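Under my numbering, think of the first position of the sequence shown as 76, with each following residue one higher.
For the record, the hints were derived by calculation from the structure and aren't laboratory data. Hints may contain errors.
Straight-line C-alpha distance at most 20 Å; calculated DMTMM-like pairs for lysine to aspartate or glutamate [stated by the list, open to error]:
no.: 1; residue 1: K102; residue 2: E176
no.: 2; residue 1: K385; residue 2: E360
no.: 3; residue 1: K488; residue 2: E457
no.: 4; residue 1: K102; residue 2: D132
no.: 5; residue 1: K385; residue 2: D350
no.: 6; residue 1: K102; residue 2: D229
no.: 7; residue 1: K219; residue 2: D284
no.: 8; residue 1: K491; residue 2: D512
no.: 9; residue 1: K488; residue 2: D474
Ranges of calculated distance between the beta carbons of each label pair, as one might list FRET restraints [said to hold, decoys possible]:
no.: 10; residue 1: S510; residue 2: E320; range: 52 to 62 Å
no.: 11; residue 1: G221; residue 2: Q381; range: 44 to 54 Å
no.: 12; residue 1: C461; residue 2: A228; range: 53 to 63 Å
no.: 13; residue 1: T190; residue 2: D284; range: 27 to 37 Å
no.: 14; residue 1: L175; residue 2: E360; range: 12 to 22 Å
no.: 15; residue 1: R116; residue 2: K219; range: 18 to 28 Å
If you're wondering where the values come from, they're calculated on a predicted model, not measured in any experiment. Every residue, glycine too, gets a C-beta built ideally from N, C-alpha and C.
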Amino acid sequence: MQFLSRSRWFSFLKKFQIMTIPKPRQKLDYRNKLMLAPMVRVGTLPMRLLALEMGADIVYTEELVDLKLIKSIRRHNPALGTVDFVDPSDGTVVFRTCALETSRLVLQMGTSDATRALAVGKLLQQDISGLDINMGCPKEFSIKGGMGAALLADPDKAALILRTLCSNLDIPVTCKIRILPDLDDTISLVQKLADTGIAAIGIHARTRDERPQHPPHPDVLRAVAKAVSIPIIANGGSRNVQKYEDILKFQLECGADSVMVARAAQINVSIFRRDGLLPMDELIERYLRLCVDYDNAPHNAKYCVQNMLKELQETPRGKRFLQCQTLQQICEIWHLGDYCRRKQKELRTLGNSGRAEVEPPEAQAKRQKLEEAATAITDEYEGVICRSMPFLRSTYASDNHLPKTVLYVYAGKMGKSPPAYETQQCDKLFRAICSYDDQRYSSTFWEKNKKQAEQGAALVALLHIGQLQEEPLRENGSLIN
Numbered sequence: 076m077q078f079l080s081r082s083r084w085f086s087f088l089k090k091f092q093i094m095t096i097p098k099p100r101q102k103l104d105y106r107n108k109l110m111l112a113p114m115v116r117v118g119t120l121p122m123r124l125l126a127l128e129m130g131a132d133i134v135y136t137e138e139l140v141d142l143k144l145i146k147s148i149r150r151h152n153p154a155l156g157t158v159d160f161v162d163p164s165d166g167t168v169v170f171r172t173c174a175l176e177t178s179r180l181v182l183q184m185g186t187s188d189a190t191r192a193l194a195v196g197k198l199l200q201q202d203i204s205g206l207d208i209n210m211g212c213p214k215e216f217s218i219k220g221g222m223g224a225a226l227l228a229d230p231d232k233a234a235l236i237l238r239t240l241c242s243n244l245d246i247p248v249t250c251k252i253r254i255l256p257d258l259d260d261t262i263s264l265v266q267k268l269a270d271t272g273i274a275a276i277g278i279h280a281r282t283r284d285e286r287p288q289h290p291p292h293p294d295v296l297r298a299v300a301k302a303v304s305i306p307i308i309a310n311g312g313s314r315n316v317q318k319y320e321d322i323l324k325f326q327l328e329c330g331a332d333s334v335m336v337a338r339a340a341q342i343n344v345s346i347f348r349r350d351g352l353l354p355m356d357e358l359i360e361r362y363l364r365l366c367v368d369y370d371n372a373p374h375n376a377k378y379c380v381q382n383m384l385k386e387l388q389e390t391p392r393g394k395r396f397l398q399c400q401t402l403q404q405i406c407e408i409w410h411l412g413d414y415c416r417r418k419q420k421e422l423r424t425l426g427n428s429g430r431a432e433v434e435p436p437e438a439q440a441k442r443q444k445l446e447e448a449a450t451a452i453t454d455e456y457e458g459v460i461c462r463s464m465p466f467l468r469s470t471y472a473s474d475n476h477l478p479k480t481v482l483y484v485y486a487g488k489m490g491k492s493p494p495a496y497e498t499q500q501c502d503k504l505f506r507a508i509c510s511y512d513d514q515r516y517s518s519t520f521w522e523k524n525k526k527q528a529e530q531g532a533a534l535v536a537l538l539h540i541g542q543l544q545e546e547p548l549r550e551n552g553s554l555i556n
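Go ahead and model the full structure; you've got the sequences and the hints to work with.
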């Protein structure tokens, strides 16, 4: 019997695509890159994926604190195709990622302890391509915990943390700082940190006490870049960034190797597109689809959409959006209601395993109760005429114009029996069914209380019978639906 040599055997396996030995992951290159900066409540999975789609080369997570990460449990979530790091005390997802971003993902960590930071790094390094230590955040929470900008006042501790990570992890380590009031002190600090072995350093071009309304100091970054050999990543230029070319201009002003964009991307993440900004509604729709696909928390999705809307939150549609409590409600406004319903049903069928596997018994019982209540409510809506009609109290001048009052008065004029209402509750949200003239009506929009739910149901009835006359319910000349 003739045996194949080792090299010929591997060639045979490769030829028939059954090679099982994984390729070594390429290390991140931090030069000539455009990056989504770490931003609290913004840098979650849907926004990171959208930033990559728009043209960003590297994306950062929001700052995640080591104490929160170290107690989390790593879980593969087959329903979503993600890896979830879950808090075992309540089942909440601390950090979620997927294969689409792994090779370009940097996790930013808040820490004040080298040993703890290393433990977290070892837990995470198979699911990320870079680890960044926050040494610039000026928020009180970070500073009181000895994290963020507090480390700028203790360069020896900062260097110890970085050296410990660089010596023991398989992925590149970086840090993000702010400049110091004195240029020479800033250069000395950066040189000290660079000597630890870090792959790059992000520098916000303002001091710890300066805020976005203060102009950045690109001249300081330019001097620092000349003093060290590692890549300098410039940050803090969003004040003057309105289009893609402005990012490159800021990079040139700073003499930096790369740029990370924060506020400009928070407002419109298509700032990374070479071909120009996308319309806001198209961007929100793309973002919401990713939120649905990856089961993003509704409060997080709402926060990000608020940043995109800005002053448009004061429009009728914006006010309607602010009333939203669920991802389904938000999706309805951007005509993604059916998509959200189908996807959520699909995920329930597949089983969204990240949370349930670690829930304590009392939390699991509560969740099952809510799911059963939601199913029961759905069953009761067979044959009901439904529309997504939120009730906005601020749009009505007096009680005489409220939907329930208008419908009650109309029923009397027509010689009909007055409308009747029945309300269902799921967790802390409410929906109602309005029965009028042998027909039942309901709004699919979950409200905060019983009274608002009944008003929403009355709105649907008025719309259906042709008695909806309130102008505040109109936007751009068309009925909101």
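### Query
Which hint numbers doesn't this structure obey?
3, 5, 6 and 11
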